[in-house]
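Asker: We have chain W already, so just place chain C on it with the hints.
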Amino acid sequence: MSFLAPIWLVLTAAVAVPLFLHLMRRRIDIRREFPAARYLLRAEKENVRRLKLRNLFLMLLRTLVLLFLALAAARPIGALLGSGHVPTALAVVVDNSMSSGAIVDGRPLLARLKATARSMIEGTGANDQSWLLTADGVVTGGARNVVLDALDRLEPLGGRGDIGGAITRAAGLVLAADLPAGTVAVLTDAQASQWPGDVSLGDVRLVAFVPAGRAPVNRAILLADPHPPRWSPKGAVMVGAAGADSVTFRVTLGDRTVARGLLRGSDEQVVRLEPAERGWLAGSVELAPDELRGDDVRHFAVWIGDAPAVQVHPGAGIFAREAVDALVQSGLVTHGQAIEVAPVDAASRLPALLIAPSDPVRLGAANRSLERLGIPWRLADPRRDETVARGAEVEGTAVRFRFPLRSAPGSGASDTLATASGEPWIVAGPDYVLVGSPLATEATALPIRAPFLPFLSNLLSQRLTREGSGLVRADPGAPVRLPAAVTGWERDSQVVAVGEAATAPSRAGVYFLRNGDARVGALVVNPEREESRLDRLSSSELKSRFKAGEVVVTGDPADLGRSAFDASARRPLQAVLLLLALACLVAEMIVVRSAEPRGQRRAA
Amino acid sequence: MPTAAPTRADLIDPASLASLGRIEIVARWVVDGFLTGLHRSPRKGFSVEFAEFRPYQPGDDLRYIDWRVVARSDRWMIKQFEEETNTRAAIVLDVSRSMDWSGSPDRLTKLRYAEQVVAAIALLLIRQRDAVGLVRYDDRLRTVLPPRARTMQWRRIVSALEESGAGPDSRMGEGVQQAARLIRRPGIVIVISDLLVDQGEMEQALRVARAAGHQVTVLHIMDPSELDLDARGEAIFYDPEGTLEVTATVSDVRQAYARTVAHAIEEWRLKLAALGAGYEVIRTDSPFGVPLRRAFATRQRLP
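Going down the list, the sequences are from chains W and C.
Each residue of the first sequence is one higher than the one before, counting from 1 in the working numbering.
Each residue of the second sequence is one higher than the one before, counting from 605 in the working numbering.
So here's chain W without its partners, still in its complex pose (with noise of 0.2 angstroms):
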């Protein structure tokens, strides 16, 4: 047994007081004339001994009377007796990730696990303490009417959420309680693919609602992304669907719809497009609502803009100006001079797409236009030996001669897009691309390779166009960093301001990135692939994932009640004492009353 207010036991001094009077020697001042006191002699000295147990068991009466109402005003707690529950810290995690959304049995699901929650938090007393967590990390604590008040308002997100980290930090705020019982509550659709490891709390003990069921039929859009990233201005969206079925979709762009389909099965499609817009755009991928709203709708944002102006230097190659023509004629590039094409040695600005000198005598003359360009990398001394190239998209390609790249001292941030024996090859920055190999069949078999155009033109149209570089992309509510020069986003006309590290809206859209008034980017948030799998995990399955000190999962509402108080065999004992106390004092009031002659029972 223990006391949750301890400095109560000081009353308990209180049983000296019956004692006290019991032992003390009585002093009578009141004196009667009675003349049949012979009688009263002989009742006395027959009843002393009767007299001094029944005073004794008053006295006992009294003192226990005293001490069970000492002990009930320190507010004990114990094992084997006792009503209602031990204070208790209880804190409901519901998940509230996008798949709680779903429709089962004609009702969100989202709206079955609030009413648990609401039926196990209105059974909270006033020596409990209670917390709302939900999958988005939001805590509510306080009183009961806020935490129902935050757990009215509970709406699903966008995306899987973070369900393990909001158990875990529930489990923490139960344990800093430091209330005689504690226990984590989780409310969940049990979706498989969001509990992919164990969840540790340690000694906690948690309960888990996981409603009966199967898990509705779920069709969703998992792929809307737009290839490539930057149009100019034709471009293309890649479309997927989850699902057995044949499902329509629509692509929007802007406002306006700008292709409609037919999806079957788990098939890939690619809607070409060329928008007449220009500039960033929000756009979207639709299916017909389903029991899964949340999914059924994916977004991106494209930047458009014209074809970008290329003006190829003519000790760039053969390979170099035919390839840009051929883009030309595409329409994937213009003539201009936006952005040149030029050996080393011999380009004048940037942006440009940098090519290494066929002859090895123009290594210092490129290393100076080099520094001049202010390009952190240096043409080392040439290789003639037989390598293949290693990167995604030159990969396999052979290399014969070479001027490996070092990075100068106090470099910028560039990207290696390929390497060569281990050594840096291509490697890219702001404004620039650098090729350790000049366009030559005797250097590389680069240019005479499939892939060679798809790469020249995305080199142009999307490395070296400085627009349209600020495509964000991340999961609802997860962390995310953002370019230098963005100040907030945008969405519905209104303006966030953020820094550089900001988290994304739990809500799936396209949000602009602003720098002052000007668009320089588009944050996009879509929900996690894997939320659009609904399938469950089973009670077992579930239980086996939390390592705690207790583990209850039900799928009944009553019983995750109950499992939740009585998470402790100890309860107060407050009201045994109580009703103690209270035989107490019957049993002496009965003891004193039996002396009484009727009469004078009836007048009292």
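Rather than coming from a laboratory, the hints here were simulated on the basis of the structure.
Please read all numbers here as calculations on a predicted model, not as lab measurements.
Check before you lean on any hint, since a few could be wrong.
Covered by chain C, according to a simulated footprint, are these stretches of chain W (three or more residues, beta-carbon under 8 angstroms) [claimed, not checked]:
{"hint": "1", "segment": "28 to 37"}
{"hint": "2", "segment": "41 to 55"}
Output of the computed footprint for chain W on chain C, the stretches with three or more beta carbons under 8 angstroms from beta carbons of chain W [as the list claims (entries may be wrong)]:
{"hint": "3", "segment": "833 to 842"}
{"hint": "4", "segment": "854 to 867"}
For every residue, glycine included, the Cβ atom is placed at its ideal position computed from N, Cα and C.
Answerer: Chain C in isolation, oriented as in the chain W frame:
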């Protein structure tokens, strides 16, 4: 169920009745009421030898109305006869300090109550021409009136009742033996006391009285508070006739006390029955008719 208030004096609350007049007046009311309640007087008290006339009283046997006197004087007169076997009675009254006590101001003290009873018994006996005497005692003999059957005897008795008493002891044995000596032939001895006396001494005296052939009746006068101990709280209870003091909490000993008193009464009853004496417990809140009836019940010579 409501009942009509009694109009007969022998049935009225004794304290209320005593407050209405002096002792002799109250005694007459009581005796008149008592005789009325009998409806019809038995033969006892009337014999063939004429003694005197007296006015008719309700309850008198119509056979003894002298119709010639009625015809002559238009007054209803009763013929009374001198009984040859007149009884001689002595009343022994305890007037010690313990008798001068009441448990409630609404009740008569035991002594006042007993004096009313003595007056009524004496009047009743004298009316039926029995000789009656009185012995009053406390720590000594206070009054000794030899038995007489004259009307003046009753006045003497009433006067004696107004004399002092309340001594610190009860010499009952002496009183009873004195009464036995006063009656020369077998008669009646009526002892009225609260019996807070030495039991052995009293037994001895009663044995002597019984040996002399007297019928003995003991009226044990008790205040209701002595029966029930209806006080409250805790106090030192002291005996006014001695040094005995008992400290007690009433609620603690009430039941034991009631049992003790009941046991004591039963003890008196058995001892006196063994001696051939009648014994009656009379509460001071009982109407005066009760002790009258009980006093003569053992004698079975009601008028």
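Asker: Decide, hint by hint, whether the structure agrees.
Answerer: Here is what the structure says about each hint:
1. Taking a C-beta to C-beta cut-off of 8 angstroms, the segment 28 to 37 of chain W contributes 9 residues in contact with chain C, enough for the three needed, and the coverage statement holds.
2. Taking a C-beta to C-beta cut-off of 8 angstroms, the segment 41 to 55 of chain W contributes 10 residues in contact with chain C, enough for the three needed, and the coverage statement holds.
3. Coverage of the segment 833 to 842 of chain C by chain W holds. Counting CB-CB distances below 8 angstroms, 10 residues qualify, and the rule asks for three or more.
4. Counting residues of the segment 854 to 867 of chain C whose beta carbon lies closer than 8 angstroms to any beta carbon of chain W gives 10, which reaches the threshold of three, so the coverage claim holds.
Violation of the numbered hints given earlier is absent; every hint is satisfied by the structure.
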